[in-house]
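Keeping their order, the protein sequence lines are chains A and B.
Position 20, counted from 1, in the first sequence is what my numbering calls 295; the numbers after and before it change by one each time, with no gaps.
Position 12, counted from 1, in the second sequence is what my numbering calls 620; the numbers after and before it change by one each time, with no gaps.
Note that these hints are calculated values from the structure, not bench results.
All values derive from a computational prediction rather than experimental measurement.
There's no promise every hint is true.
Said to hold, decoys possible - Selected chain B positions facing chain A (in silico; Cβ < 10 Å): (1) 615; (2) 617; (3) 642; (4) 650; (5) 652; (6) 653; (7) 659; (8) 698; (9) 702; (10) 706; (11) 708; (12) 709; (13) 710.
Said to hold, decoys possible - Using 20 Å as the maximum straight-line C-alpha spacing, the simulated SDA-like pairs for lysine to any residue come out as follows: (14) B:707 - A:304; (15) B:707 - A:328; (16) B:707 - A:303.
Claimed, not checked - Calculated Cβ distances over 12 Å to all of chain B for the following chain A residues: (17) 312; (18) 328; (19) 339; (20) 348; (21) 350.
Heads up, the beta-carbon is just placed ideally off N, CA and C, and yes, glycines get one too.
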Amino acid sequence: NAGVTQTPKFQVLKTGQSMTLQCAQDMNHNSMYWYRQDPGMGLRLIYYSASEGTTDKGEVPNGYNVSRLNKREFSLRLESAAPSQTSVYFCASSVPNNEQFFGPGTRLTVL
Amino acid sequence: AQSVTQPDIHITVSEGASLELRCNYSYGATPYLFWYVQSPGQGLQLLLKYFSGDTLVQGIKGFEAEFKRSQSSFNLRKPSVHWSDAAEYFCAVGEGTYKYIFGTGTRLKVLA
Numbered sequence: 276n277a278g279v280t281q282t283p284k285f286q287v288l289k290t291g292q293s294m295t296l297q298c299a300q301d302m303n304h305n306s307m308y309w310y311r312q313d314p315g316m317g318l319r320l321i322y323y324s325a326s327e328g329t330t331d332k333g334e335v336p337n338g339y340n341v342s343r344l345n346k347r348e349f350s351l352r353l354e355s356a357a358p359s360q361t362s363v364y365f366c367a368s369s370v371p372n373n374e375q376f377f378g379p380g381t382r383l384t385v386l
Numbered sequence: 609a610q611s612v613t614q615p616d617i618h619i620t621v622s623e624g625a626s627l628e629l630r631c632n633y634s635y636g637a638t639p640y641l642f643w644y645v646q647s648p649g650q651g652l653q654l655l656l657k658y659f660s661g662d663t664l665v666q667g668i669k670g671f672e673a674e675f676k677r678s679q680s681s682f683n684l685r686k687p688s689v690h691w692s693d694a695a696e697y698f699c700a701v702g703e704g705t706y707k708y709i710f711g712t713g714t715r716l717k718v719l720a
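Turn these sequences into a full structure, and let the hints steer you where they fit.
Right under this line is the structure:
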């Protein structure tokens with residue numbers, strides 16, 4: 276039982292490049308989330324998916340897109356990376372109204 | 609708008625001393641409340657949660673937290689801190705069914 280897995284662990288991009296962050300969970304959770312973590316700002320929600328087939332914007336969605344591929348997988352795409360998107364990205368999953376389970380994070384640097 | 613405030617950005621305690629990390633929330637209904645811990649380079653791990661019932665909740669690693677509705681607080685405590693407790697701690701509130709609001713975190717340093 277791996278929980279929540281994320282790939283890659285580290286990534287360096289140049290401004291304007293695109294990439295997709297992958298997330299998968301094996302706990303049969305309906306809800307999945309993408310957060311970014313920046314120093315002194317806690318975790319900010321980018322997008323979430325309440326259930327398979329649905330996605331909704333969070334607090335900071337600009338510059339990102341998401342795909343809920345199936346119940347297990349929820350990907351985050353940066354179409355044209357900007358230095359302001361340098362951050363640590365966390366994926367999480369949960370059942371409604373309960374605790375979230377977090378992946379180990381992806382550390383992204385945009386030059 | 610709902611919010612979670614952790615007023616202490618950094619806290620330093622000596623090993624063996626007691627610890628209290630503060631958390632205040634703004635939420636109209638009875639909240640779901642959580643404390644998470646994050647070790648360097650790791651994801652967040654749940655320490656404890658409060659949904660209803662007994663306002664003093666026990667968690668893992670010897671942590672406990674008390675929900676005080678009158679003060680809109682959910683402070684985290686530990687009677688005797690160990691060096692391995694050095695980490696960042698986040699308070700969070702469940703907003704509705706699917707969303708969670710996180711505080712900005714408190715970084716704990718433990719002196720040997």
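Hint check results:
1. For residue 615 of chain B, the shortest C-beta to C-beta distance to chain A is roughly 13 Å, which exceeds 10 Å, and the interface hint is violated.
2. Taking 10 Å as the C-beta cut-off, the interface hint given for residue 617 of chain B holds, the closest approach to chain A being about 7 Å.
3. Because the closest C-beta pair between residue 642 of chain B and chain A is about 6 Å apart, less than 10 Å, the hint holds.
4. A least Cβ separation of about 6 Å between residue 650 of chain B and chain A falls short of the 10 Å threshold, and the interface hint therefore holds.
5. A least Cβ separation of about 4 Å between residue 652 of chain B and chain A falls short of the 10 Å threshold, and the interface hint therefore holds.
6. Interface hint at residue 653 of chain B: satisfied, since its Cβ lies 7 Å from the closest Cβ of chain A, which is below the 10 Å cut-off.
7. The closest approach between the C-beta of residue 659 of chain B and any C-beta of chain A is roughly 8 Å, which is under the 10 Å cut-off, so the hint is satisfied.
8. With a cut of 10 Å, the hint placing residue 698 of chain B at the interface with chain A holds, because the nearest CB-to-CB distance is about 6 Å.
9. For residue 702 of chain B, the suggested interface contact is upheld, since its CB lies about 6 Å from the closest CB of chain A, less than 10 Å.
10. Using the Cβ-Cβ criterion of 10 Å, the hint placing residue 706 of chain B at the interface with chain A is satisfied: the shortest such distance is roughly 5 Å.
11. Restraint check, residue 708 of chain B versus chain A: the minimum CB separation of about 6 Å is within 10 Å; hint holds.
12. Proximity of residue 709 of chain B to chain A holds as hinted, the smallest CB-CB distance being about 8 Å (cut-off 10 Å).
13. For residue 710 of chain B, the shortest C-beta to C-beta distance to chain A is roughly 4 Å, which falls under 10 Å, so the interface hint holds.
14. Taken as a hint, the residue 707 of chain B and residue 304 of chain A pair is honoured in the structure, with Cα atoms around 15 Å apart against an allowance of 20 Å.
15. For a cut-off of 20 Å, the pair hint linking residue 707 of chain B to residue 328 of chain A stands: about 17 Å separates their Cα positions.
16. At roughly 18 Å between alpha-carbon atoms, residue 707 of chain B and residue 303 of chain A fall within 20 Å of each other, so this suggested pair holds.
17. The claim that residue 312 of chain A is not at the interface with chain B is violated, since a C-beta of that chain comes within 12 Å of its own (minimum 9 Å).
18. Interface exclusion of residue 328 of chain A from chain B stands, the closest Cβ pair being 14 Å apart, more than 12 Å.
19. For residue 339 of chain A, the non-interface assignment is confirmed: its Cβ lies about 17 Å from the closest Cβ of chain B, beyond the 12 Å cut-off.
20. Residue-level check passed: residue 348 of chain A sits 17 Å from the nearest beta carbon of chain B, beyond 12 Å.
21. Every beta carbon of chain B lies more than 12 Å from that of residue 350 of chain A, the smallest distance being close to 17 Å; the non-interface claim holds.
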